[in-house]
Amino acid sequence: MKKLRLILGDQLNHNHSWFTTTNDKIIYLMAEMRQETDYVKHHVQKVAAFFAAMRNFAEELSEKGHNIAYIKITDDDAKKSLGELIKKHVAEIEAKKFEYQLPDEYRLDEQLKSICDGLEIETKAFGTEHFYTTRDELEAFFKGKKQLLMESFYRMMRKKHGIMVTNDQPEGGKWNFDQSNRKKWAGEPEIPHERGFRKDVSQILKEIEEAGVTTFGNISAENLSWPTSRSDCLSVLNHFCKELLVHFGDYQDAMHTEEKFLFHSRLSFAMNSKMLSPKEVIDKVLDYYYENKNNIHISQVEGFIRQVLGWREYMRGVYWKEMPQYAKLNELDNHYPLPDFFWTGKTKMNCLKHAIGQSLDEAYAHHIQRLMVIGNYALLTQIHPDQVDEWYLGVYIDAIEWVEITNTRGMSQFADGGIVATKPYVSSANYINKMGNYCKECSYSHTKKLGEGACPFNALYWNFLDEKKEHFKNNQRMGMMLNLLEKKDTEELQALKKRARQVLENPDSF
344 MKKLRLILGD QLNHNHSWFT TTNDKIIYLM AEMRQETDYV KHHVQKVAAF
394 FAAMRNFAEE LSEKGHNIAY IKITDDDAKK SLGELIKKHV AEIEAKKFEY
444 QLPDEYRLDE QLKSICDGLE IETKAFGTEH FYTTRDELEA FFKGKKQLLM
494 ESFYRMMRKK HGIMVTNDQP EGGKWNFDQS NRKKWAGEPE IPHERGFRKD
544 VSQILKEIEE AGVTTFGNIS AENLSWPTSR SDCLSVLNHF CKELLVHFGD
594 YQDAMHTEEK FLFHSRLSFA MNSKMLSPKE VIDKVLDYYY ENKNNIHISQ
644 VEGFIRQVLG WREYMRGVYW KEMPQYAKLN ELDNHYPLPD FFWTGKTKMN
694 CLKHAIGQSL DEAYAHHIQR LMVIGNYALL TQIHPDQVDE WYLGVYIDAI
744 EWVEITNTRG MSQFADGGIV ATKPYVSSAN YINKMGNYCK ECSYSHTKKL
794 GEGACPFNAL YWNFLDEKKE HFKNNQRMGM MLNLLEKKDT EELQALKKRA
844 RQVLENPDSF
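Our numbering applies: residue 344 is where the sequence shown begins, and numbers increase by one.
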(Lines of atoms letter the chains of each structure in order from A and count residues from 1; the text may use other names and numbers.)
(Lines give C-alpha, C1' and ligand atoms only; values in the text may rest on other atoms or scores of the structure.)
Protein backbone atom coordinates (compact mmCIF):
# COMPACT_ATOMS: atom_id res chain seq x y z
CA MET A 1 0.00 0.00 0.00
CA LYS A 2 1.42 3.35 -1.06
CA LYS A 3 1.66 6.09 1.57
CA LEU A 4 2.31 9.80 1.33
CA ARG A 5 4.03 11.26 4.39
CA LEU A 6 4.38 14.99 4.98
CA ILE A 7 7.47 16.53 6.60
CA LEU A 8 7.13 20.19 7.57
CA GLY A 9 10.08 22.59 7.55
CA ASP A 10 10.47 22.47 11.35
CA GLN A 11 10.28 18.66 11.53
CA LEU A 12 13.86 17.83 10.56
CA ASN A 13 14.23 15.05 13.14
CA HIS A 14 16.74 12.51 11.84
CA ASN A 15 15.98 10.19 14.75
CA HIS A 16 12.24 9.93 14.18
CA SER A 17 10.97 6.36 14.05
CA TRP A 18 9.66 6.98 10.53
CA PHE A 19 13.20 6.75 9.25
CA THR A 20 14.40 3.57 10.97
CA THR A 21 13.58 1.50 7.90
CA THR A 22 13.15 2.23 4.20
CA ASN A 23 10.10 1.33 2.15
CA ASP A 24 9.67 1.86 -1.58
CA LYS A 25 5.95 2.40 -1.11
CA ILE A 26 6.39 5.43 1.18
CA ILE A 27 6.92 8.85 -0.39
CA TYR A 28 7.99 11.77 1.81
CA LEU A 29 6.70 15.17 0.73
CA MET A 30 8.71 18.28 1.61
CA ALA A 31 7.94 21.73 0.25
CA GLU A 32 9.28 25.26 0.32
CA MET A 33 5.93 27.04 0.24
CA ARG A 34 4.73 30.58 -0.37
CA GLN A 35 2.07 29.83 2.21
CA GLU A 36 4.82 29.67 4.83
CA THR A 37 7.10 32.44 3.55
CA ASP A 38 4.23 34.90 3.18
CA TYR A 39 1.92 34.53 6.20
CA VAL A 40 4.29 36.91 7.98
CA LYS A 41 7.31 38.79 6.59
CA HIS A 42 10.43 36.88 7.65
CA HIS A 43 14.08 37.76 8.09
CA VAL A 44 16.03 36.70 5.00
CA GLN A 45 18.43 34.61 7.11
CA LYS A 46 15.49 32.72 8.59
CA VAL A 47 14.10 31.80 5.16
CA ALA A 48 17.52 30.91 3.78
CA ALA A 49 18.49 28.83 6.82
CA PHE A 50 15.25 26.85 6.85
CA PHE A 51 15.49 26.16 3.11
CA ALA A 52 19.14 25.09 3.43
CA ALA A 53 18.33 22.83 6.39
CA MET A 54 15.33 21.31 4.61
CA ARG A 55 17.38 20.59 1.49
CA ASN A 56 20.16 19.00 3.53
CA PHE A 57 17.62 16.90 5.42
CA ALA A 58 15.96 15.73 2.17
CA GLU A 59 19.34 14.87 0.67
CA GLU A 60 20.41 12.87 3.71
CA LEU A 61 17.13 10.94 3.76
CA SER A 62 17.49 10.24 0.05
CA GLU A 63 21.04 8.95 0.56
CA LYS A 64 19.66 6.53 3.16
CA GLY A 65 17.22 5.13 0.63
CA HIS A 66 14.04 7.07 1.38
CA ASN A 67 11.89 8.39 -1.46
CA ILE A 68 11.59 12.18 -1.34
CA ALA A 69 9.30 14.46 -3.32
CA TYR A 70 10.84 17.90 -2.81
CA ILE A 71 9.37 21.19 -4.01
CA LYS A 72 11.64 24.23 -4.24
CA ILE A 73 10.43 27.79 -3.85
CA THR A 74 10.86 28.43 -7.59
CA ASP A 75 8.67 25.48 -8.58
CA ASP A 76 5.13 26.27 -9.67
CA ASP A 77 3.80 23.98 -6.95
CA ALA A 78 5.36 26.24 -4.28
CA LYS A 79 2.48 28.66 -4.86
CA LYS A 80 -0.13 26.02 -4.06
CA SER A 81 -1.76 25.74 -0.65
CA LEU A 82 -0.76 22.81 1.54
CA GLY A 83 -4.09 21.13 0.83
CA GLU A 84 -3.65 21.43 -2.93
CA LEU A 85 -0.14 20.02 -2.71
CA ILE A 86 -1.19 17.03 -0.64
CA LYS A 87 -4.15 16.20 -2.89
CA LYS A 88 -1.98 16.48 -6.00
CA HIS A 89 0.67 14.09 -4.65
CA VAL A 90 -1.89 11.66 -3.27
CA ALA A 91 -3.35 11.43 -6.77
CA GLU A 92 0.00 11.25 -8.56
CA ILE A 93 1.35 8.31 -6.56
CA GLU A 94 -2.10 6.77 -6.04
CA ALA A 95 -1.58 6.78 -2.29
CA LYS A 96 -3.97 4.79 -0.14
CA LYS A 97 -2.93 6.49 3.09
CA PHE A 98 -1.74 9.97 4.12
CA GLU A 99 0.35 10.44 7.26
CA TYR A 100 1.83 13.48 8.95
CA GLN A 101 3.58 14.50 12.15
CA LEU A 102 1.60 16.75 14.47
CA PRO A 103 2.55 20.36 13.70
CA ASP A 104 3.59 22.72 16.47
CA GLU A 105 1.54 25.66 15.21
CA TYR A 106 -2.20 25.83 15.85
CA ARG A 107 -2.72 27.31 12.38
CA LEU A 108 -1.19 24.29 10.66
CA ASP A 109 -2.80 21.85 13.06
CA GLU A 110 -6.25 23.11 12.08
CA GLN A 111 -5.34 23.19 8.40
CA LEU A 112 -4.14 19.59 8.40
CA LYS A 113 -7.24 18.37 10.23
CA SER A 114 -9.35 20.06 7.56
CA ILE A 115 -7.22 18.60 4.77
CA CYS A 116 -7.56 15.10 6.21
CA ASP A 117 -11.34 15.52 6.47
CA GLY A 118 -11.39 16.24 2.75
CA LEU A 119 -9.29 13.26 1.67
CA GLU A 120 -10.99 10.05 0.57
CA ILE A 121 -8.17 7.87 1.86
CA GLU A 122 -7.09 6.79 5.33
CA THR A 123 -5.12 9.37 7.34
CA LYS A 124 -3.04 9.22 10.49
CA ALA A 125 -1.15 11.72 12.66
CA PHE A 126 2.07 10.86 14.50
CA GLY A 127 3.96 12.64 17.26
CA THR A 128 7.16 14.45 16.38
CA GLU A 129 9.13 12.49 19.00
CA HIS A 130 10.94 15.67 19.98
CA PHE A 131 9.65 17.29 23.17
CA TYR A 132 9.84 16.02 26.74
CA THR A 133 6.12 16.73 27.17
CA THR A 134 2.90 16.02 25.34
CA ARG A 135 0.75 18.90 24.17
CA ASP A 136 -1.64 18.62 27.09
CA GLU A 137 0.76 17.68 29.90
CA LEU A 138 1.08 21.20 31.28
CA GLU A 139 -2.69 21.69 31.33
CA ALA A 140 -3.12 18.45 33.24
CA PHE A 141 -0.39 19.39 35.72
CA PHE A 142 -1.98 22.76 36.54
CA LYS A 143 -5.58 21.54 36.59
CA GLY A 144 -7.36 23.13 39.55
CA LYS A 145 -4.53 25.59 40.23
CA LYS A 146 -4.98 29.36 39.99
CA GLN A 147 -1.61 30.19 38.42
CA LEU A 148 0.62 28.49 35.87
CA LEU A 149 3.85 28.97 37.81
CA MET A 150 6.79 27.94 35.69
CA GLU A 151 8.92 27.15 38.74
CA SER A 152 6.57 24.41 39.98
CA PHE A 153 6.34 22.96 36.45
CA TYR A 154 10.13 23.05 36.16
CA ARG A 155 10.60 21.22 39.46
CA MET A 156 8.11 18.56 38.38
CA MET A 157 10.04 18.10 35.12
CA ARG A 158 13.34 17.76 36.94
CA LYS A 159 11.89 15.06 39.21
CA LYS A 160 10.01 13.25 36.46
CA HIS A 161 13.01 12.99 34.19
CA GLY A 162 15.64 12.54 36.89
CA ILE A 163 17.62 15.62 35.90
CA MET A 164 20.00 16.91 38.57
CA VAL A 165 18.00 15.37 41.41
CA THR A 166 18.76 12.81 44.11
CA ASN A 167 15.85 11.34 46.10
CA ASP A 168 13.63 14.09 44.66
CA GLN A 169 15.96 16.77 46.04
CA PRO A 170 17.93 19.16 43.81
CA GLU A 171 21.65 18.78 43.39
CA GLY A 172 23.49 21.71 44.93
CA GLY A 173 20.71 22.24 47.48
CA LYS A 174 18.68 24.64 45.33
CA TRP A 175 16.22 24.21 42.46
CA ASN A 176 17.03 27.55 40.94
CA PHE A 177 20.29 29.53 40.79
CA ASP A 178 18.72 32.53 39.04
CA GLN A 179 20.27 34.95 41.54
CA SER A 180 23.70 33.81 40.32
CA ASN A 181 22.81 34.44 36.68
CA ARG A 182 22.90 38.23 36.66
CA LYS A 183 26.51 39.31 36.33
CA LYS A 184 27.52 42.23 34.14
CA TRP A 185 30.26 41.36 31.62
CA ALA A 186 33.00 44.00 31.47
CA GLY A 187 35.69 42.45 29.28
CA GLU A 188 36.52 39.39 31.36
CA PRO A 189 36.45 36.42 31.27
CA GLU A 190 37.50 36.19 27.65
CA ILE A 191 34.76 35.07 25.29
CA PRO A 192 35.83 32.31 22.89
CA HIS A 193 35.33 32.90 19.19
CA GLU A 194 31.86 31.90 18.07
CA ARG A 195 31.28 28.55 16.37
CA GLY A 196 30.08 30.07 13.14
CA PHE A 197 29.85 28.75 9.62
CA ARG A 198 30.71 30.16 6.22
CA LYS A 199 27.84 28.75 4.25
CA ASP A 200 27.29 29.89 0.69
CA VAL A 201 23.55 30.41 0.24
CA SER A 202 23.82 32.63 -2.83
CA GLN A 203 21.82 30.13 -4.93
CA ILE A 204 19.05 29.95 -2.34
CA LEU A 205 18.95 33.76 -2.13
CA LYS A 206 18.71 33.95 -5.92
CA GLU A 207 15.77 31.54 -5.86
CA ILE A 208 14.04 33.45 -3.04
CA GLU A 209 14.34 36.64 -5.11
CA GLU A 210 13.26 34.89 -8.31
CA ALA A 211 10.16 33.57 -6.54
CA GLY A 212 9.27 37.08 -5.39
CA VAL A 213 9.38 36.33 -1.67
CA THR A 214 9.49 39.50 0.42
CA THR A 215 11.99 39.40 3.28
CA PHE A 216 13.84 41.89 5.47
CA GLY A 217 17.07 42.05 7.43
CA ASN A 218 20.69 41.56 6.35
CA ILE A 219 22.64 38.59 5.08
CA SER A 220 26.00 37.70 3.60
CA ALA A 221 25.35 35.39 0.66
CA GLU A 222 28.59 33.50 1.25
CA ASN A 223 28.66 33.58 5.02
CA LEU A 224 25.43 32.30 6.58
CA SER A 225 26.56 31.54 10.11
CA TRP A 226 23.84 29.12 11.23
CA PRO A 227 23.90 25.30 11.44
CA THR A 228 21.86 23.78 8.62
CA SER A 229 22.67 20.09 8.97
CA ARG A 230 22.70 17.51 11.72
CA SER A 231 26.51 17.49 11.87
CA ASP A 232 26.58 21.30 12.07
CA CYS A 233 24.18 21.25 15.00
CA LEU A 234 26.20 18.65 16.89
CA SER A 235 29.28 20.79 16.32
CA VAL A 236 27.55 23.85 17.84
CA LEU A 237 26.42 21.78 20.83
CA ASN A 238 29.95 20.45 21.36
CA HIS A 239 31.38 23.97 21.13
CA PHE A 240 28.92 25.24 23.72
CA CYS A 241 29.84 22.52 26.19
CA LYS A 242 33.60 22.87 25.78
CA GLU A 243 33.94 26.64 25.42
CA LEU A 244 30.88 28.48 26.74
CA LEU A 245 29.09 26.46 29.42
CA VAL A 246 31.67 27.30 32.08
CA HIS A 247 30.45 30.93 32.17
CA PHE A 248 26.99 30.67 30.63
CA GLY A 249 24.92 31.04 33.80
CA ASP A 250 26.90 33.97 35.20
CA TYR A 251 26.46 36.14 32.12
CA GLN A 252 23.25 34.92 30.52
CA ASP A 253 21.52 38.24 31.29
CA ALA A 254 24.47 40.47 30.34
CA MET A 255 24.61 42.85 27.37
CA HIS A 256 27.60 44.48 25.70
CA THR A 257 28.15 46.67 22.65
CA GLU A 258 31.23 44.71 21.53
CA GLU A 259 29.87 41.20 22.08
CA LYS A 260 26.67 40.06 20.42
CA PHE A 261 26.61 36.46 21.61
CA LEU A 262 28.62 36.37 24.86
CA PHE A 263 28.37 32.82 26.28
CA HIS A 264 25.01 31.92 24.74
CA SER A 265 24.70 28.57 22.97
CA ARG A 266 22.69 29.74 19.93
CA LEU A 267 21.18 26.25 19.77
CA SER A 268 17.59 27.45 19.52
CA PHE A 269 17.39 27.21 15.71
CA ALA A 270 18.88 23.72 15.81
CA MET A 271 16.27 22.63 18.37
CA ASN A 272 13.24 24.48 16.98
CA SER A 273 13.86 22.97 13.55
CA LYS A 274 14.23 19.63 15.39
CA MET A 275 17.69 18.86 14.02
CA LEU A 276 18.59 18.48 17.71
CA SER A 277 16.26 17.23 20.44
CA PRO A 278 16.11 18.88 23.87
CA LYS A 279 16.93 15.55 25.49
CA GLU A 280 20.17 15.04 23.59
CA VAL A 281 21.14 18.66 24.28
CA ILE A 282 20.52 18.28 28.01
CA ASP A 283 22.18 14.84 28.13
CA LYS A 284 25.30 16.21 26.40
CA VAL A 285 25.47 19.23 28.72
CA LEU A 286 25.07 17.06 31.82
CA ASP A 287 27.65 14.53 30.63
CA TYR A 288 30.16 17.31 30.10
CA TYR A 289 29.33 18.90 33.46
CA TYR A 290 29.75 15.66 35.42
CA GLU A 291 33.06 15.01 33.68
CA ASN A 292 34.28 18.52 34.56
CA LYS A 293 32.59 19.29 37.88
CA ASN A 294 35.79 20.71 39.34
CA ASN A 295 35.82 23.45 36.71
CA ILE A 296 32.10 24.21 36.19
CA HIS A 297 29.80 25.50 38.92
CA ILE A 298 26.33 23.99 39.08
CA SER A 299 24.73 27.43 38.57
CA GLN A 300 26.08 27.55 35.00
CA VAL A 301 24.40 24.26 34.14
CA GLU A 302 21.16 24.80 36.03
CA GLY A 303 20.64 28.14 34.27
CA PHE A 304 20.82 26.39 30.91
CA ILE A 305 18.70 23.39 31.94
CA ARG A 306 16.03 25.81 33.20
CA GLN A 307 15.79 27.43 29.77
CA VAL A 308 15.45 24.15 27.88
CA LEU A 309 13.59 21.83 30.27
CA GLY A 310 11.73 24.62 32.03
CA TRP A 311 10.84 27.59 29.85
CA ARG A 312 10.83 25.86 26.46
CA GLU A 313 8.51 23.04 27.49
CA TYR A 314 6.43 25.37 29.68
CA MET A 315 5.82 27.84 26.85
CA ARG A 316 4.76 25.05 24.52
CA GLY A 317 2.29 23.76 27.11
CA VAL A 318 0.81 27.21 27.64
CA TYR A 319 0.48 27.62 23.87
CA TRP A 320 -1.58 24.47 23.43
CA LYS A 321 -3.63 25.18 26.54
CA GLU A 322 -4.57 28.73 25.57
CA MET A 323 -4.78 28.78 21.76
CA PRO A 324 -6.49 30.03 19.66
CA GLN A 325 -7.89 32.81 21.85
CA TYR A 326 -4.39 33.59 23.15
CA ALA A 327 -3.42 35.17 19.82
CA LYS A 328 -6.12 37.82 20.24
CA LEU A 329 -5.44 38.90 23.83
CA ASN A 330 -4.70 42.57 24.48
CA GLU A 331 -5.38 42.89 28.20
CA LEU A 332 -3.71 46.31 28.54
CA ASP A 333 -5.54 47.70 25.52
CA ASN A 334 -2.35 48.87 23.76
CA HIS A 335 -2.80 50.34 20.29
CA TYR A 336 0.22 52.38 19.18
CA PRO A 337 1.88 51.36 15.87
CA LEU A 338 5.35 49.84 15.64
CA PRO A 339 7.97 52.58 15.04
CA ASP A 340 9.84 52.57 11.73
CA PHE A 341 13.19 52.06 13.51
CA PHE A 342 12.20 48.47 14.30
CA TRP A 343 12.88 47.82 10.60
CA THR A 344 16.03 49.94 10.32
CA GLY A 345 17.69 50.07 13.75
CA LYS A 346 18.09 53.82 13.32
CA THR A 347 17.43 55.39 16.71
CA LYS A 348 19.43 57.57 19.10
CA MET A 349 18.66 55.18 21.98
CA ASN A 350 21.85 53.12 22.07
CA CYS A 351 20.34 50.04 23.69
CA LEU A 352 17.66 49.77 21.02
CA LYS A 353 20.10 50.60 18.23
CA HIS A 354 22.28 47.68 19.28
CA ALA A 355 19.55 45.17 20.15
CA ILE A 356 17.44 45.86 17.06
CA GLY A 357 20.46 46.35 14.81
CA GLN A 358 21.83 43.00 15.96
CA SER A 359 18.43 41.39 15.32
CA LEU A 360 18.42 42.74 11.77
CA ASP A 361 22.04 41.73 11.16
CA GLU A 362 22.03 38.30 12.80
CA ALA A 363 18.34 37.24 13.00
CA TYR A 364 19.18 36.73 16.67
CA ALA A 365 19.21 38.47 20.03
CA HIS A 366 19.42 36.79 23.41
CA HIS A 367 16.50 36.70 25.84
CA ILE A 368 17.34 39.83 27.83
CA GLN A 369 17.77 41.90 24.67
CA ARG A 370 14.41 40.60 23.47
CA LEU A 371 12.65 41.02 26.82
CA MET A 372 14.21 43.93 28.71
CA VAL A 373 15.31 46.18 25.86
CA ILE A 374 13.11 45.69 22.80
CA GLY A 375 10.10 44.18 24.58
CA ASN A 376 10.37 46.63 27.47
CA TYR A 377 10.31 49.55 25.05
CA ALA A 378 7.39 48.07 23.08
CA LEU A 379 5.35 47.67 26.26
CA LEU A 380 6.21 51.08 27.68
CA THR A 381 5.23 52.70 24.37
CA GLN A 382 2.04 50.64 24.37
CA ILE A 383 2.46 49.13 20.90
CA HIS A 384 -0.36 46.87 19.75
CA PRO A 385 0.62 43.28 20.62
CA ASP A 386 -0.38 42.09 17.14
CA GLN A 387 2.37 44.25 15.63
CA VAL A 388 4.90 43.23 18.27
CA ASP A 389 4.05 39.56 17.67
CA GLU A 390 4.44 39.89 13.93
CA TRP A 391 7.84 41.56 14.21
CA TYR A 392 9.23 39.02 16.69
CA LEU A 393 7.87 36.10 14.66
CA GLY A 394 9.50 37.44 11.52
CA VAL A 395 12.85 38.72 12.74
CA TYR A 396 14.24 35.81 14.78
CA ILE A 397 15.59 32.68 13.17
CA ASP A 398 14.28 30.51 16.03
CA ALA A 399 10.80 32.08 16.10
CA ILE A 400 8.01 29.60 15.52
CA GLU A 401 4.63 30.63 16.85
CA TRP A 402 4.39 28.07 19.67
CA VAL A 403 7.45 29.53 21.36
CA GLU A 404 7.34 33.10 20.06
CA ILE A 405 3.80 34.16 20.93
CA THR A 406 3.86 32.98 24.54
CA ASN A 407 7.15 34.77 25.13
CA THR A 408 6.12 37.92 23.27
CA ARG A 409 2.41 38.43 23.90
CA GLY A 410 2.68 36.80 27.29
CA MET A 411 5.92 37.33 29.15
CA SER A 412 7.09 40.42 27.27
CA GLN A 413 3.91 42.40 26.56
CA PHE A 414 1.64 41.17 29.39
CA ALA A 415 -1.17 41.13 26.81
CA ASP A 416 -2.43 37.88 28.33
CA GLY A 417 -3.12 39.62 31.64
CA GLY A 418 -0.77 37.43 33.63
CA ILE A 419 -1.21 33.88 32.30
CA VAL A 420 2.56 33.54 31.80
CA ALA A 421 4.11 36.32 33.89
CA THR A 422 2.99 37.40 37.35
CA LYS A 423 3.88 41.03 36.59
CA PRO A 424 4.80 43.09 33.52
CA TYR A 425 8.51 43.09 32.67
CA VAL A 426 9.04 46.85 32.52
CA SER A 427 11.89 48.95 33.84
CA SER A 428 13.42 52.39 33.63
CA ALA A 429 16.89 52.91 32.18
CA ASN A 430 18.49 51.81 35.45
CA TYR A 431 18.07 48.08 34.77
CA ILE A 432 19.46 48.38 31.23
CA ASN A 433 22.51 50.19 32.60
CA LYS A 434 22.90 47.61 35.36
CA MET A 435 23.08 44.68 32.92
CA GLY A 436 25.28 46.15 30.19
CA ASN A 437 27.27 49.04 28.77
CA TYR A 438 24.68 50.27 26.27
CA CYS A 439 24.03 53.44 28.30
CA LYS A 440 27.72 54.41 28.39
CA GLU A 441 27.92 55.87 24.88
CA CYS A 442 24.27 56.80 24.44
CA SER A 443 22.92 60.18 23.36
CA TYR A 444 20.78 60.08 26.47
CA SER A 445 21.64 59.91 30.15
CA HIS A 446 20.22 56.92 31.98
CA THR A 447 20.17 58.92 35.23
CA LYS A 448 18.14 61.84 33.90
CA LYS A 449 14.34 61.67 34.01
CA LEU A 450 13.59 65.11 32.59
CA GLY A 451 15.26 67.82 30.54
CA GLU A 452 17.67 67.74 27.65
CA GLY A 453 19.35 64.36 27.23
CA ALA A 454 17.00 62.50 29.58
CA CYS A 455 16.59 58.83 28.67
CA PRO A 456 13.11 58.21 27.17
CA PHE A 457 12.81 54.95 29.14
CA ASN A 458 12.52 56.90 32.40
CA ALA A 459 9.54 59.05 31.43
CA LEU A 460 7.93 56.16 29.58
CA TYR A 461 8.20 53.96 32.67
CA TRP A 462 6.37 56.34 35.01
CA ASN A 463 3.82 57.20 32.35
CA PHE A 464 3.10 53.50 31.81
CA LEU A 465 2.59 52.88 35.52
CA ASP A 466 0.24 55.85 35.75
CA GLU A 467 -1.78 55.00 32.64
CA LYS A 468 -2.13 51.31 33.49
CA LYS A 469 -2.47 51.53 37.29
CA GLU A 470 -6.08 50.33 37.21
CA HIS A 471 -4.92 47.11 35.54
CA PHE A 472 -2.40 46.47 38.31
CA LYS A 473 -4.15 47.67 41.45
CA ASN A 474 -4.79 44.10 42.63
CA ASN A 475 -1.37 42.78 41.57
CA GLN A 476 0.68 42.24 44.72
CA ARG A 477 3.96 42.22 42.82
CA MET A 478 3.24 45.72 41.52
CA GLY A 479 2.36 47.10 44.95
CA MET A 480 5.71 48.69 45.73
CA MET A 481 5.95 50.47 42.37
CA LEU A 482 2.37 51.72 42.59
CA ASN A 483 3.10 53.05 46.09
CA LEU A 484 6.08 54.95 44.69
CA LEU A 485 3.88 56.27 41.90
CA GLU A 486 1.33 57.44 44.47
CA LYS A 487 4.03 59.38 46.33
CA LYS A 488 5.38 60.98 43.17
CA ASP A 489 5.30 64.78 43.13
CA THR A 490 2.31 65.83 40.99
CA GLU A 491 4.24 68.37 38.95
CA GLU A 492 7.10 65.95 38.29
CA LEU A 493 4.67 63.23 37.21
CA GLN A 494 2.91 65.59 34.82
CA ALA A 495 6.27 66.63 33.36
CA LEU A 496 7.24 62.97 32.94
CA LYS A 497 3.92 62.23 31.25
CA LYS A 498 4.40 65.19 28.90
CA ARG A 499 7.86 63.91 27.96
CA ALA A 500 6.46 60.39 27.46
CA ARG A 501 3.70 61.75 25.24
CA GLN A 502 6.33 63.27 22.96
CA VAL A 503 7.98 59.88 22.61
CA LEU A 504 4.69 58.05 22.09
CA GLU A 505 3.55 60.41 19.36
CA ASN A 506 6.85 60.65 17.50
CA PRO A 507 9.04 57.67 18.46
CA ASP A 508 11.28 57.81 15.39
CA SER A 509 12.64 61.22 16.38
CA PHE A 510 14.20 59.83 19.57
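Certain hints may be false.
Calculated cross-link-like contacts (lysine-lysine; reagent style DSSO-like; alpha-carbon spacing at most 30 angstroms) [stated by the list, open to error]:
{"hint": "1", "residue 1": "Lys-526", "residue 2": "Lys-489"}
{"hint": "2", "residue 1": "Lys-503", "residue 2": "Lys-527"}
{"hint": "3", "residue 1": "Lys-831", "residue 2": "Lys-812"}
{"hint": "4", "residue 1": "Lys-456", "residue 2": "Lys-622"}
{"hint": "5", "residue 1": "Lys-345", "residue 2": "Lys-384"}
Computed spacing ranges between beta-carbons, pair by pair [claimed, not checked]:
{"hint": "6", "residue 1": "Gln-490", "residue 2": "Met-823", "range": "37 to 43 angstroms"}
{"hint": "7", "residue 1": "Gln-454", "residue 2": "His-814", "range": "17 to 23 angstroms"}
{"hint": "8", "residue 1": "Phe-469", "residue 2": "Lys-791", "range": "43 to 49 angstroms"}
{"hint": "9", "residue 1": "Lys-622", "residue 2": "Ser-545", "range": "31 to 37 angstroms"}
{"hint": "10", "residue 1": "Lys-486", "residue 2": "Lys-622", "range": "24 to 30 angstroms"}
{"hint": "11", "residue 1": "Met-344", "residue 2": "Lys-503", "range": "36 to 42 angstroms"}
{"hint": "12", "residue 1": "Glu-586", "residue 2": "Glu-482", "range": "35 to 41 angstroms"}
{"hint": "13", "residue 1": "Ala-468", "residue 2": "Gly-516", "range": "40 to 46 angstroms"}
{"hint": "14", "residue 1": "Glu-552", "residue 2": "Glu-402", "range": "21 to 27 angstroms"}
{"hint": "15", "residue 1": "Thr-365", "residue 2": "Lys-439", "range": "51 to 57 angstroms"}
{"hint": "16", "residue 1": "Gly-555", "residue 2": "Thr-365", "range": "33 to 39 angstroms"}
{"hint": "17", "residue 1": "Val-508", "residue 2": "Met-823", "range": "31 to 37 angstroms"}
{"hint": "18", "residue 1": "Lys-671", "residue 2": "Glu-494", "range": "26 to 32 angstroms"}
If you are wondering where the hints come from, they were derived from the structure by calculation, not from laboratory data.
Here the structure is a predicted model, which is why all the values come from computation and not from measurement.
Just so you know, even glycine gets a beta-carbon here, dropped at the ideal spot from N, CA and C.
Verification of the hints:
1. Lys-526 - Lys-489: This hinted pair is violated, its Cα atoms lying about 33 angstroms apart.
2. Lys-503 - Lys-527: violated (34 angstroms)
3. Lys-831 - Lys-812: Holds, because 14 angstroms separates the two Cα atoms, which is no more than 30 angstroms.
4. Lys-456 - Lys-622: holds (29 angstroms)
5. Lys-345 - Lys-384: violated (37 angstroms)
6. Gln-490 - Met-823: 37 to 43 angstroms: violated (20 angstroms)
7. Gln-454 - His-814: 17 to 23 angstroms: violated (35 angstroms)
8. Phe-469 - Lys-791: 43 to 49 angstroms: violated (58 angstroms)
9. Lys-622 - Ser-545: 31 to 37 angstroms: Since the Cβ atoms of Lys-622 and Ser-545 sit about 36 angstroms apart, the hinted range of 31 to 37 angstroms holds.
10. Lys-486 - Lys-622: 24 to 30 angstroms: This hint holds: roughly 25 angstroms between Cβ atoms.
11. Met-344 - Lys-503: 36 to 42 angstroms: Since the Cβ atoms of Met-344 and Lys-503 sit about 38 angstroms apart, the hinted range of 36 to 42 angstroms holds.
12. Glu-586 - Glu-482: 35 to 41 angstroms: holds (39 angstroms)
13. Ala-468 - Gly-516: 40 to 46 angstroms: This hint holds: roughly 43 angstroms between Cβ atoms.
14. Glu-552 - Glu-402: 21 to 27 angstroms: holds (23 angstroms)
15. Thr-365 - Lys-439: 51 to 57 angstroms: violated (19 angstroms)
16. Gly-555 - Thr-365: 33 to 39 angstroms: holds (37 angstroms)
17. Val-508 - Met-823: 31 to 37 angstroms: holds (34 angstroms)
18. Lys-671 - Glu-494: 26 to 32 angstroms: This hint holds: roughly 28 angstroms between Cβ atoms.
In summary, the numbered hints that this structure violates are 1, 2, 5, 6, 7, 8 and 15.
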